Amino acid sequence: MLKVKGKKVTLTTDGCTDVNGKAVINYVLLTEDTTVFLEFVYTGSESHETPYLASNTLRVMEQLDFVSIAAVVTDNTATNQPVWSTLQQKKPMVFFHGCISHALNLVVKDLVDRLPWLGQLAANCRKLVHFLKKSQQLWFELRRLQSMEGK
1 MLKVKGKKVT
11 LTTDGCTDVN
21 GKAVINYVLL
31 TEDTTVFLEF
41 VYTGSESHET
51 PYLASNTLRV
61 MEQLDFVSIA
71 AVVTDNTATN
81 QPVWSTLQQK
91 KPMVFFHGCI
101 SHALNLVVKD
111 LVDRLPWLGQ
121 LAANCRKLVH
131 FLKKSQQLWF
141 ELRRLQSMEG
151 K
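With full-length UniProt numbering applied, the sequence shown corresponds to residues 1 to 151, in that order.
Hints are computed from structural coordinates only; laboratory data are not their basis.
What follows is a set of in silico ranges between Cβ atoms, one per label pair, in the way DEER data are often shown:
id, residue 1, residue 2, range
1, Phe131, Lys151, 15 to 23 Å
2, Ala103, Phe40, 20 to 28 Å
3, Thr43, Leu142, 34 to 42 Å
4, Glu49, Leu121, 35 to 43 Å
5, Glu62, Tyr42, 17 to 25 Å
6, Met148, Glu39, 36 to 44 Å
7, Leu2, Leu138, 43 to 51 Å
8, Leu118, Gln63, 38 to 46 Å
9, Ser147, Glu62, 38 to 46 Å
10, Arg59, Lys7, 17 to 25 Å
11, Thr35, Lys151, 16 to 24 Å
12, Asp65, Lys22, 28 to 36 Å
13, Leu121, Lys151, 15 to 23 Å
14, Thr34, Asp113, 36 to 44 Å
On a predicted model such as this, the values are computed, not experimentally measured, just so you know. Heads up, the beta-carbon is just placed ideally off N, CA and C, and yes, glycines get one too.
Full structure from sequences and hints, please.
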């Protein structure tokens with residue numbers, strides 16, 4: 001935490017499901033040269049609705065009195081848009097917005113839905129990866145060839 005003390009930071013939140021199928025929200029601080037994992041919260045039976053997400057994000061923000069929060073980046077979901085405006089009223093000097101990666105992911109999903117052949121290609125790629133991962137020798141050979149090409 002000493003590396004980010006006194007710096008302008010971006011707080012990122014990411015809601016996901018862990019390997020056990022439990023809903024979790026991760027909180028991470030970013031500066032131009034440092035990434036600091038802050039905490040994760042198992043949300044249990046809490047619904048990922050605006051009041052819960054806003055209060056939990058505000059709770060984390062208020063613990064960060066040793067940095068200057070310039071922005072908060074969340075998933076780019078319809079649920080998070082009212083979270084941004086709720087938090088903007090309480091923290092007017094902070095920029096709240098969605099993640100461009102999530103937005104691009106939604107665009108690609110929409111594109112795949114509209115082009116059946118692209119969806120089939122993606123499904124076949126997943127099958128190929130699954131097949132390769134089942135064979136330790138094939139997977140090792142693929143990784144070796146990729147590293148030779150600098151990938």
